Every structure is written in C-alpha cells, then in structure tokens.
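Below, each chain spelled out in residue letters.
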Amino acid sequence: MYTFKPILTKIIPKMPLKTMGVAGLLMIITVILMAVLADFLTPYDPTKSVGLSLQPPSLDHPFGINKIGQDMWSRIVYGARTMLLVVALSTIMSIVIGVPLGLISGYVGGILDRILTMIMDAIYAFPSLILAIAIAAALGPGIVNTAVSIAIVYVPTYFRMVRGQTLNVKSQLYVEAAVAIGARPISILARYILPNVISIVVAVFTLSVADVVLTEAGLSFFGLSVPAPTPDWGFDLRAGHPYLVSGYWWLVTFPGLMIIILAVGFTFLGESISEYLGLREVRA
Amino acid sequence: MKPIVLAAQLKKWFPVQKSFLERLFAREKTYVRAVDGVDLVVNTGETLALVGESGSGKTTLGKLILRLIDPTSGKIYFNGQDITNVTGEPLRRLRRRMQIIYQDPYASLNPRMTIGDILEHPLKIHKMVSTKQEAKELVLNVLEKAGLTPPDDFYNLYPRNLSGGQRQRVAIARAIILKPELIVADEPVSMIDVSLRASILNLMIELKKELNLTYMFITHDLAVAKYIADNIAVMYLGKIVEKAPIMELFISPLHPYTQALLSAIPIPKPLRERQRRLNISGEIPSPINIPTGCRFHPRCPFSIERCIRDEPPLIEVGKEHYVACWLITK
Amino acid sequence: MSDMLLEIGNLKTYYFAHGSVIKAVDDVSLGIYKRELVGLVGESGSGKSTLGLSVIKLVPPPGKIVYGKIIIDGEDLLKLRDKELRRIRGKKIGMIFQDPLTCLDPLRRVGDQIIESITSHIKVSKETAREMALKVFERVGISPERIDDYPHQLSGGMRQRAMIAMAVVLNPELLIADEPTTALDVVVQSRIMDLLEDLKNERKMSILLITHDLALVIERCDRVVIMYAGRVCEIGSVKEISNEPLHPYTKLLIESIPNIERSQMELKPIPGIPPDMRNPPPGCRFWPRCPHALDKCKSVEPTILEIDNRVVFCHLYGG
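Chains as they are written, first to last, in this note's numbering: chain L, 1239 to 1522; chain E, 51 to 380; chain B, -4 to 314.
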C-alpha cells in the first residue's frame, strides 16, 4: 500500500512540513466533522431511496443519486462514520494487542520473544489487503468483524516497532541505573521503558492509519466489510463503477475522492509528525 | 581496617557472538575475557582508584562488584557477606548499600522523569519514606548537598533542561540519597568540561567525609586518580598488575606497564624540558586473544624468558605495595 | 619572505537554527606560521571545532561562515569556488578528526580510499598512487599488508594512523587535527603525538591541534591559542602561557587541571558554567566567571592587545 507516498513526495517535494501537517489535519477534521454532524448535514436517509435513479448532481442532491435511488451526499457523510468507526476500532485493537506484546517480548527476550517474533513476522509477510480479505471472508460482514480483520493485519506493525524501540531503550544507561537502585522489572517497564517507547507508537499510528483507510476501502470494495444498506465509500465505488463507462461519473468520483482525501490527510499529518519527532525510519 | 569489598579470583568472560558458519567450524567457544582472575580488597573508608586503559576490564570489575553483572567464576564479599550468587529480592535490598555514578551524564538519567521523580524513586523502592512530603524534603536536601541550589528550582525540571555538569550532580545526588556504604564511580568526570571537573571532584571528596563513604573510582586519567585516591590499582587486560598507596605508586612504580603509563601522561610543561619517556610498542591486544604467561610480555621492554611461560602472581613487595612481575618477584 | 602560512582574519561562523543564532566563532583572528605546532584550546562551546571546520569550509549546515578571510599562500579561501576549494583540501590543507570513521568509509578498503584521494588531486597512475599509499602507511606505522583491510579490521589506534596517512599523503602545508587523540589510550596518544611531531619536522608542515587538553598542548606545542565562548582569550608561546598566563581564564584553567607533578594542592574549579551560546553575556564573555571582572568588562568587548609578542583580549591589561 506504500505506492502512495513516493508519488506524493514526487508531486509535492518542496512542500514545507508545517503546511503539510496543517493541510493533513484540515482534511482529517473535515471528514470527522462530516461524520459527527451527518444528521445535520443532510435530510435524507442514506439507506432509502429518495429520488429517481441515476440523477446527476443538482441543487437538491449535490452529489447526485445512485442506481437504487439513494442520495450520494448522504451516503458520503454517513459513510464517513462507517469509515472512521472501523479505522478507530481496528487501530485501538491493534495497539491494545501489539504494544504490550512488543514491550514484553522485547524486555523479557528469550524463547517467548523468538516465538512471538516468528508469529508476527509470518503475519507481516502477507500483503495487508490480501490477508485482510482472507480474514474478513472467514469472519463475515459487520463493523466489528471488519475492524478485527484489519486489526490483525496491523498488530505486527505495532509489535515490531514497539519491540525494536524496547530493545533500544533497554540498552540505555538509565535503564541499568534503574536496576542499580533496586527497581523491580514491572516498575522498570512502566516508568523507564514505556514512556520512552510511546513516541514510537504515535509515529507508527500516524504513518499506518492511511494504510488502514485504504485497506477498509479495499475490503468494502470486495463486499467484505459492512453489509449492504450501510453507507460505505468502498462499497459505493464498487456499486458505481460499472456505470462509469456510460457517463455516470458522480457514482464513483465522490466516494473515490473522499477515500483519497482521508488517506492523503493522514499521510500528510503522519509525515509531518514523524519528521517533527525525528523518526525517519518508521515504515508500516 | 575492615574490608568492605573482597573479590577472590573474580572472572567475567563474555561469549563472543559468532555467525552460524563460524559456530559450525569452530572447535571451541571464544570469550572476551574482560576480567580474568582478580583478587582485590577494598577497605572501609578508602578511595581506591581503579586505573587502566579501555579494554583493561576496570568498568566490568566495578559492575561485577555491584552485581550489575553476574560473575563467570570467583567470589565477591560485601562486608563479610557472600554476595556472589545473590539474586531477586535480597539483591534488590542489597543495592541500597552500594550505588553507582556513571560516566555519561546525558545517558544515565531517564529523560521522561523529572529530577524530583528520579531522586524519589530510590526512596520509594526501599520504603525509606512514608509520605510525599518526607520524600520531597529528602530530595531537596540531597540536591542541596550536590550543589544544585536553590534545590526547589531543580525539582520539577527534566534532565534536558540541565547542563552536563548539573546532570552529573543529579547522578551524584541519586547515588547518595540511599545513604549507601560504597559508591562505584565509573569515570565520573571524563565527559565533563575540564574547567568543571575540579568542582565535581571536590564535591565527591566532601561528600565522602560527610557521609562516611567508600569509593571505587574508575578512571583512565592518572592525574585525576592522584588527586582523589588513597590507593590505586592498575589493571591490564583483565588483571591487576600493580596496587599501592597513591604516593608510593607515583614515586616508585614497579610494573613496566605502570611506568609506561605514568610517563605517557601529558604534563603541562614543554616536553623538551622533560626527560625522555618510556615508550612501549604496539597496542593492547584484544581480550579474546590473551598472550601467554605475563599478558604484558609482548609489549614489555624488559621481558625475560619466564614472562612468556608463566603468569606472575600479584605479590606484596612493600608496605601494601603489590605487583605482578617476574622482574620484581623472583 | 613571510613566515606566515595561514592567516585567519575576523572570522565569524554562526549556526542558524530554530529562530536563534549561535555565534560559534565570533570575530577570531589568528595566524599560523610555517612549521609550527599550534594548540587551539577550549572547552565545549568555545568554537574551536567550528573554527577548524571553517578553515576548510566544511562547516555543516545550519552553520555558515558569515564574515572574514582565511588566507593561505596569498589566496583567500572564502572567496574560492567549490572546485578550487577541493583542490586545496587534501593537497594544501589536510584534516583529521576524533573519529576516524568520519573520513574513512567503513564499506571500502582503506587502501582504495587513499588511492582515490591521491588520484583526485594529482595526475598519477593508479600504480603510482598505490606506491605512495604504501609508503605513507609505512611512515605512519601501519604494516603495508593492511592496506587492503577495511576500517573495522583495524584497531582504534591504527584507524587513527590510517586517517593521518590519508591526510598527509599529498604533503599538505597545514594539518588540522581536531581532537585526534581524545578517544585513545594515554600510551597510544603519546605515540600518535610523537608521529605528528615527526611528520611536522620531516615534511615542513604546520599543525593546528584542536583540543580541550591544555596539558597536552603545553607539553607538545609551540604556541597556544586559548578560546572561550567563540572568542580568543590569549595567544602566546607555550612557555609564556604556562609560566605567565595573562588572561584570567587561562590562569584558572591551568589551576583547575590535575597535574601529577604538583604536590597535592586542592584543585580550584572555575566557578559558574560556560555560557549559553544563543545568548552570550555582553561585553567580555568570560566576565560572569571572572574573579577580576571590572564594570567595563560587563559591557565593552575587549579588543586586541599586544604585549611582548603575545596577544591577549582582556581589560585588565589596558585597552
């Protein structure tokens, strides 16, 4: 999924970091606002038919109407909820599983570390979308299931980075100093190692969340995410693309654009934050 | 004088990391013999300087005595108690009585804790205080002792707000807050600006008197050792080659390595006005491949046949003056 | 015919970062004569390393030379273009650092690196360059068969020698040595210093030794330059400086270093700490720590005073 960034950095090589970060933040906030204020932004129910099928954008329906009569604008703003919910849930799950495992594995080492690393490396070896598809197909549709599928795919990313940083911090002098004053391992993990590892978690998050967005879109494009009437950008992409050839551009353009805006927004924000924190090496 | 630390035939060998192929074809394991049979007595109340070049094993020896590293073989006694194999909770409780000051003031303090937190943590671990107020008072007191005044100003700062010299004072404060009996100082002024070293050294001397401490002062700088130590032990490739009271060592160094070391120290006096120095060839061999017999023999200008065959033992040749050299101890 | 090899005039090198300016070298003038070993002494923040890098225009960004002139053989280095500077670097001026791995590429054999350095400056065949490399290796005390080793295969002292070899192979007139022995053992340090002295005498080369070790400088050098917080405090011969230091900082510095030949007197630390270079004190930068500070010192920068062939920047001596 990292074909995005090289293209971006070629197009906008000289964009100063602050601008990039602010631009990214604005994009994300826009989407969040859409999701939160959806009820106020549109009078229509996105799951019901509210007009004639396949109508181009008009004053009443600024994003047009799709094949089964649903208002596209509504589907976009409510779709934002779906997208953000899945992204948030899966990220939380990845962190809750990946971070503690990485910490313990890195600190304790030994056989536990070797086994965990092997498992995580195996999961990591799969291309993210394909693995997500496999798991989602097995789990079935639904927001929670989708979130779980994606979460599993990204656990190794958090695990590796946290484990790497833990190994790094573990060898620092102040950790040995903590041993020298008689601190217990739990205390050392909590007060000396974890606080110095947190920044990497933030970095991993900011850089991989764009990928999560694209994975969700990919899953729903293949119909493996949320079930039918629930508004979802990827789903709309799939539903609308057969009609593109006939000139019904609004079915695909708006969902596609939203996916790009959200992914690019997270990428911009992520790049500028990780540059600010001085972390050049982090790659999801 | 009672010994506070006694080390008997102490060894620390680190296994060398080898690649898979190397392990396949190697006949035996190779080790870095960092400390290779050290007998040492440190008396209560003294400042013992442990001097040597990098690779001599002095830092490893210091950490072995503090049980920050496990010995490969040999024994360590602290105040008469055998601490060679102590682990877990008893080891943690023991730590109260022996502390360390590290060389690098930039790396030895947790960047995420305030100075107050850093200094209170040891108190909490060893349950030396029962209220937050008590803890803060002790911390302010020790900050003052370490020369960081007014102590209130430093309590809430982070290490990154302090200069190198100030950080080292925090490290010293941390070492004394538990009122230990022994402090191992590992090159405490090597990374401090030259003009500030004297004040840190003077502080350590003062604290020693005030708190009845014993110091093991590890350094490669003989001039610093001369300033602060009562006794000095010279290490080479994992063994002590000479040990003597400080003035005795400078007036009559017996081991050729000690003599070379002393003559190599820069003295602020133009060289032409000084006598020629004793130059030894080569460099310290790797502690993986220790020479046979006396480990200094390949570089020693005076080596005789016996030096290649047999390792000389550390023998007392004068009042408290020990040396390991066949030229001296037939 | 002038004996002056390198003349630095009113050099100012500043670092521009995060909205503040660090005046690392702030109006420094000094001269290095032919065939002399000059010690440039200062602590952290004194600007000594920046000065060394400025001479060969290798100050890393965000640093920039903002003013001054550096004249060698009649040419002002600061007015030359990059192409001409590259000709000078290596051929007229060589530089060695504390960490040999700053100039030795860990991924290439040391011999190849020296050969490339040679051929990029003078038109000789590769064979000739290899001959030269072998010769200089022998001269610095590395056995010639090590020429095809990688840097990590050499010990610390040998890497230092390899770096020296690379710096002197083309017989530069000036060698800038930035803390070349700080990371080395005292015995190895002594031998590297012997080597440098011998090279200076054989090749009629001058050496600028940048270090914080005043004792080392007094022992080995001909002249000493003392720097503090980006400025020069005093310049003189080692005999003058060690017997009769003029600047209060020099005096305090000498008294604060442990000296094994002196009897056990108490070391007198210099009170205070070096200034924050983003906001140095006005006037003489040393005044907050100076036991003899006058009112004048707090606001007026001392100007250069020449006293018997020596140079000092201090109001106590007039001016």
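No lab work stands behind these hints: they were computed from the structure. Being a predicted model, the structure only gives us computed values, none of them experimental. Misleading hints may appear alongside valid ones.
[As the list claims (entries may be wrong)] One-sided and incomplete, this derived list gives chain L residues near chain E with beta-carbon spacing under 7 Å:
id: 1; residue: Pro1254
id: 2; residue: Met1258
id: 3; residue: Tyr1345
id: 4; residue: Gly1347
id: 5; residue: Leu1411
id: 6; residue: Ala1418
[Said to hold, decoys possible] Derived PhoX-like pairs (lysine-lysine); straight-line CA-CA distance at most 25 Å:
id: 7; chain 1: B; residue 1: Lys234; chain 2: E; residue 2: Lys319
id: 8; chain 1: E; residue 1: Lys259; chain 2: B; residue 2: Lys246
id: 9; chain 1: B; residue 1: Lys87; chain 2: B; residue 2: Lys246
id: 10; chain 1: E; residue 1: Lys319; chain 2: B; residue 2: Lys29
id: 11; chain 1: E; residue 1: Lys319; chain 2: B; residue 2: Lys246
For glycine and all other residues, C-beta sits at the position ideal for the given N, C-alpha and C.
Going through the hints against the structure:
1. Pro1254: violated (26 Å)
2. Met1258: Because about 27 Å separates L/Met1258 from the closest Cβ in chain E, which is outside the 7 Å limit, the hint is violated.
3. Tyr1345: violated (15 Å)
4. Gly1347: violated (15 Å)
5. Leu1411: Result: holds, 4 Å to nearest chain E Cβ.
6. Ala1418: Result: holds, 5 Å to nearest chain E Cβ.
7. B/Lys234 with E/Lys319: holds (8 Å)
8. E/Lys259 with B/Lys246: Given that 25 Å is the threshold and the Cα spacing comes to 29 Å, the pair is violated.
9. B/Lys87 with B/Lys246: violated (35 Å)
10. E/Lys319 with B/Lys29: Status holds; Cα separation ~23 Å.
11. E/Lys319 with B/Lys246: holds (14 Å)
Of the numbered hints given earlier, the model fails hints 1, 2, 3, 4, 8, 9; all others are met.
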